[in-house]
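**Q** Each chain, letter by letter, is given below.
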Amino acid sequence: MIEILAYIGYFILLLNLIFFFISFSNQGKAYKIFTLYLGLVFVVQILAEILNQQKRSNLFLSHFYFIGQFIILSFFFLAILKEKHQKKIVKLGLLFGLLALGIQYANDISLFFRFNLFEIFITSFLLIIYATFHFYNMLNEKKEFYYINMGILLYLFGSTILFLVGNLTIGLSLGLRKTTWILNAFLYIVYQMFILVEWKKSFSNKTRQ
Amino acid sequence: MKINLAYEKEIVAIILYTSAFFIIISVVLVLFFYFSRKKIIQKELEKKDLEIQYQKELLSAVIITQEEERKRIAQDLHDDISSKLNIVSLNSHLLTTPNLSGNEINEITANIINLTAKALDNSRKIAHGLLPPVLEKFGLHAGVEELCLEFNSSKAVTVNYENRTKFAIADNDRHLHVFRILQELMNNSLRHGKATFISILFEEKNGVKICSYSDNGIGFDMKKDTNKKGLGMKNIESRVAFLEGSITIDSAVNKGVSVVFNF
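Which chain is which? The protein sequence lines are A and B, in order. The numbering of the first sequence is the numbering used here, which starts it at -4 and goes up by one. The numbering of the second sequence is the numbering used here, which starts it at 335 and goes up by one.
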């Protein structure tokens, strides 16, 4: 069950990556940054899958996933947000977020092999705030990256809680542990579907011209 | 015991982070709601301000047109009628001078008759220009037909007029606006557009009367602000607004003008 859901998620992710890559030229900065994000997520997923197949722990990849997502999406929002003070907040958030994480890892390197709650917490809520900024900007303006923004918000909301309790689930039995990850895989499919819809609505036409 | 303590610490951390996460999200949500409301209200205020501004402009346009019309009437009266009546009065005074020969009297009376006839004719023309009697007596169709005839007879322009609907005389008050709009449009086409061909068509669709007007003049650039805010155009807009209709104006340089409005 969980494998099928996860593979569907990967498949749509790959599809998105290909679609976004096809119409890569003649697009704005934000679009390119987002394609980079899809690429990073895809690479992390593939590596995680490979390590999983070799029965090795792939938990440390989560840090690359969270921090990578945080950095790239911060730049993504930096590109699409228009108001000066919003951009300033994003820049400050990125700076202090990374600084805090850097200090934390310098103090305790063992965090690297577990779920880092602080990392999940700070990267997610900052991104949620940026997404809210973008929604606020879109209230009376042209809808740009509307579905992607919705997807980011939905997925971050749902998955953050799941990741926060992630360390707890390690202690649970295998069967029970899976239920949370099934939910996560399902959320991930929804997220990727939103990205696909965004590409279909906003960018698929431009490729044909 | 030590493991248990670590585990409890872990749980507490998770609970703290989760609650903090939810609290921050709810604060974000509340702030989002607050600022969105503010933004929407501000937009609405701006919209209302724009509306008021627009109405003010329309009003001033109406006042200016009224003044111009008065000026024109005054000029017409002064040039065409007062001057002639003046001469008539002079001639009449001449008649009272003693020892006039019969020939002279004849000449003066002929002069007076001639001038009064001209003054009469002019006053009729002025009245006609202000409100064509045909429009009042026979309705919009006849009025527009006569208008077209006048323009056609100027030889500068060919007007093609077609009417596929019927106008009730009872609606004449409204039809006067339609007539004025057409008058303004035709004047514009001739004066500014240098058009040689004008077409007017009345239709009725789903109980709504539609007038389609087009010419082959030089047209204008829709994007330029100076073209949009002309007095005549504003006048037309306010008349259409009065008729509770809508108007679409389409034009490009050297492509003529096409105007469609319903009433």
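In case anyone wonders, no lab produced these hints; they're calculated from the structure. For clarity, every value in this text was computed on a predicted model and none was experimentally measured. One or more of the hints may lead you astray.
Unchecked claim - Covered stretches of chain A, going by a simulated chain B footprint (3 or more residues, C-beta under 8 Å):
1. 46 to 57
2. 110 to 119
3. 145 to 157
4. 160 to 166
From the three backbone atoms N, C-alpha and C, an ideal C-beta is built for every residue, glycine too.
**Q** Hint by hint, which ones does the structure fall short of?
**A** Of the numbered hints given earlier, the structure breaks just one, which is hint 1.
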